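Asker: Per our numbering, residue 37 is the first one in the sequence shown, and the count goes up by one each step.
In case anyone wonders, no lab produced these hints; they're calculated from the structure.
Fair warning: this is a prediction, and the values are worked out from it, not measured in the lab.
For every residue, glycine included, the Cβ atom is placed at its ideal position computed from N, Cα and C.
Be a bit skeptical, because a hint or two may be false.
[Stated by the list, open to error] Below, simulated DSS-like cross-link-like pairs (lysine-lysine); rule was C-alpha separation at most 25 Å, straight line:
hint, residue 1, residue 2
1, K211, K334
2, K270, K108
3, K146, K156
4, K334, K167
5, K167, K156
6, K146, K349
7, K334, K146
8, K334, K230
9, K349, K270
10, K167, K349
11, K349, K230
12, K349, K211
13, K108, K146
14, K329, K349
[Said to hold, decoys possible] Computed beta-carbon distance windows for the label pairs:
hint, residue 1, residue 2, range
15, G333, H294, 26 to 36 Å
16, A443, S267, 23 to 33 Å
17, G404, R223, 25 to 35 Å
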Amino acid sequence: MKAARGRSAVALGLAALLLAAGCSNAPPGPGPGPEKGELVFATGSDLSSTGVRQDLIEDWSRRTGQRVRIVKLPDTADGQRSQLLAAGQSGNSGYDVLNIDVAWTAEFAKAGVIQPWGAKLDPDFLDSVAKTAVDGGGTVWAVPFNTDAGLLYYRKDILEGYGHDRPPTNWGELKNVAEEVAAAYNRDTARLGKRRNTMYGLVTQLRPYEGLTVNTLESAWANGGDPDATSFTKGEQVGALQQGVADLKTRLDSIMPHEATDMDETESRRWFADGRALFMRNWPVEYASVAEKLRPGKDFDVAELPGRPTDGKRMSVLGGQNLAVAADSAHPEAARELIRALTDPHSERCLLERGFAATRDSSYRDPGRAPACHLPPGKAERAERDAPPDHDPGQGREPPYKRTLYAALRAAEPRPRSVHYQMFSKVVQIRVSEYLGTTLGTAIADRLAREADEALSGRN
């Protein structure tokens, strides 16, 4: 899941209706209904920088003659969720298709904001991704659109320059390598009188928002936590959570800049691309931005996140968005047709080629066996421009990290699938942020575990 950027909510009122698949600002709640025959697609920003999602919508609109108006939601995840819930519960949202974070599916279904999909998901969807669209009773509520898994970005050139020919395999090894290499690099900078940034070992997302929840879960899982557990106060879960938050603080105090407590995906990417960090935990969508400053495969590369020291298992939190039909859609069948088109094998391949992680297994096949991206004529030059800098045009436009991403997605796990997930995430953000900023002992984990369980069950 890529967490959204923080900017102010969009202004009141709709702009004049645009041509097919044009964009407008969204109202904070119910607004005028769509024109006859027009579908309204509510979504956050396309963070890929390639505009591929809008291109796919425009392509479908051109082929079918069906008008689609894209309504852009606020840039913050909280703003998007609040607006969609408020509009949907009013019974007069004016929306047809909702692009929702995978962590919201259960909550939106319970709140009556989305309709059941009404069919089984194609088995071509990755198993880990399909879980996010189905409730505990087996009802399918949405269709996976784009997905995400955390990756370890690393400075390949610097690691090799100091005798390390591969990235670390577990978090303990990463800490040791980061301390060793960053210290040597900074000593050489001072000794040689070079004008280089101070090198830190690691940057990640520790600002109190969804990114901190993701990092906390991944750290707990790396210490033996069970992603499928329904309680954090039973069995080994308390110990895993306790060690997970302790490890976050240890890394913050030893190999990270203190500014990490204010970092989101964009800021941590800037630090890494500017040569101020040896390692970075981030999403695949940041790869193209890093490649604007560093050479892929030479200056930097990506790997799966470090694994458990016991069994080597590597796990990332699964991110991404699902598409659902709004409960009060005026055109539910047309909405379903659009969703089917945006999530078919050809469209998913387009998403992979232009900055997103695809949700279908077939998208990750080798060239010649994978579905072809069917963007319309006139888009080829733009797609070529947006392809990774080192791609071989003769081998298609698939990203160079495709195999790594595929492995990470198959090992990724959804966040707790609870209708009360947002309250759970807020508890994690508040308590872990408090802990990272103090000298308190790890007893904070006991309180965090208790309050997390209360939040997931809706008792607080």
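Asker: Checking one constraint from the list: CA of K146 to CA of K156, max 25 Å. Satisfied?
Answerer: 19 Å, holds
Asker: Given the proposed pairing of K329 with K349, does the C-alpha separation stay at or below 25 Å?
Answerer: 32 Å, violated
Asker: Starting from the range 26 to 36 Å, see whether the pair G333 and H294 falls in it by beta-carbon distance.
Answerer: 32 Å, holds
Asker: Is the distance from the Cβ of G404 to the Cβ of R223 consistent with 25 to 35 Å?
Answerer: 49 Å, violated
Asker: Under the criterion that the straight-line Cα-Cα distance not exceed 25 Å, is the pair K270, K108 satisfied?
Answerer: Between K270 and K108 the Cα gap is close to 42 Å, so the pair fails against 25 Å, i.e. violated.
Asker: Would you check the hint for K108 and K146, treating anything up to 25 Å between C-alpha atoms as holding?
Answerer: 24 Å, holds
Asker: Taken at face value, is the distance from the CA of K334 to the CA of K211 at most 25 Å?
Answerer: 22 Å, holds
Asker: Under the criterion that the straight-line Cα-Cα distance not exceed 25 Å, is the pair K349, K270 satisfied?
Answerer: 22 Å, holds
Asker: Are the Cα positions of K334 and K230 separated by 25 Å at most?
Answerer: 21 Å, holds
Asker: Are the Cα atoms of K146 and K349 separated by 25 Å or less?
Answerer: Distance ~33 Å between K146 and K349 Cα, so the pair is violated.
Asker: Is the straight-line distance between the alpha-carbon of K349 and that of K230 25 Å or less?
Answerer: 40 Å, violated
Asker: Does K146 lie within 25 Å of K334 when you go C-alpha to C-alpha?
Answerer: Violated, at about 48 Å.
In summary, the structure is inconsistent with hints 2, 4, 6, 7, 11, 14 and 17 from the numbered list given earlier, while agreeing with the others.
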